[in-house]
Amino acid sequence: MKVITIIPAYNEENTIEKVVKCAKKYSEVVVIDDGSTDQTSSLAGNAGVKIIKHSRNIGKGAAIKTGLQYAIEGDFDLMVILDGDGQHDPHCIPLLLKGTKNADVIIGSRFINSTPQNMAIPRRISNGITTRLIRYVTGYQITDSQCGFRVISKKAAPFFVDITYNDYVYESEVLFKASKNNLVVSEMPIECVYGNEKSYIRFRHVIHYTIFILRLLMGKFLGRIKS
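Position one of the sequence shown corresponds to residue 1417 (the working numbering), numbered consecutively onward.
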């Protein structure tokens, strides 16, 4: 069973080396440097892993797609998606991999056992609202639609490399695309620690995501009318 961990990263010089070294204990690793202007690539390279660097910052979704395409071409069976900012514990990788026995996509859930410490209340509320909307649109009974710690199977990966979104909408579109292709999506509990990590979500991303959700809801509404 060939497993690779894909780490999308943008200006994560403070955390990337530690994350990479820990992930290497469980799988091969590729870091997708999405146009960083700091030492992200060189520090990740110190750990002796494959680095793919975008010439400019395109977006997290674009970085994930680059990683998935690399994994598909390398004929990997399972692809772990892990953020480079240190929020997610790479030691949870084996637990997520166990969940793939009965699923095509595994999402790490921060809410199955408890609410993560120090998670900002606005973030908690927005995640809850978004997750309920995604559940309604896709039918997946999930608790954490926004978690970036995931495992994608070889079977599922090709469905996600041609998604047009390059920003944070990408991760929600993955779930919508999965539902349209009858893929099995499940969750496993993970631990998540919030500290002083940077947020690159801007107002334009919020607007983009709002339009995305409205489009999904409209599609669901029209589908019910036709049926």
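Just to be clear, a hint being listed does not mean it is correct.
[Claimed, not checked] Straight-line alpha carbon distances no greater than 20 Å define the calculated DMTMM-like cross-link-like pairs of lysine to aspartate or glutamate that follow:
hint, residue 1, residue 2
1, Lys1437, Asp1505
2, Lys1570, Asp1505
3, Lys1469, Glu1429
4, Lys1418, Asp1491
5, Lys1514, Glu1429
6, Lys1517, Asp1493
7, Lys1571, Glu1589
8, Lys1596, Glu1607
9, Lys1466, Asp1520
For the record, the hints were derived by calculation from the structure and aren't laboratory data.
The structure presented is a predicted model; accordingly, all values stated were derived computationally and were not measured.
Failing hints, ascending? 2, 5, 8, 9
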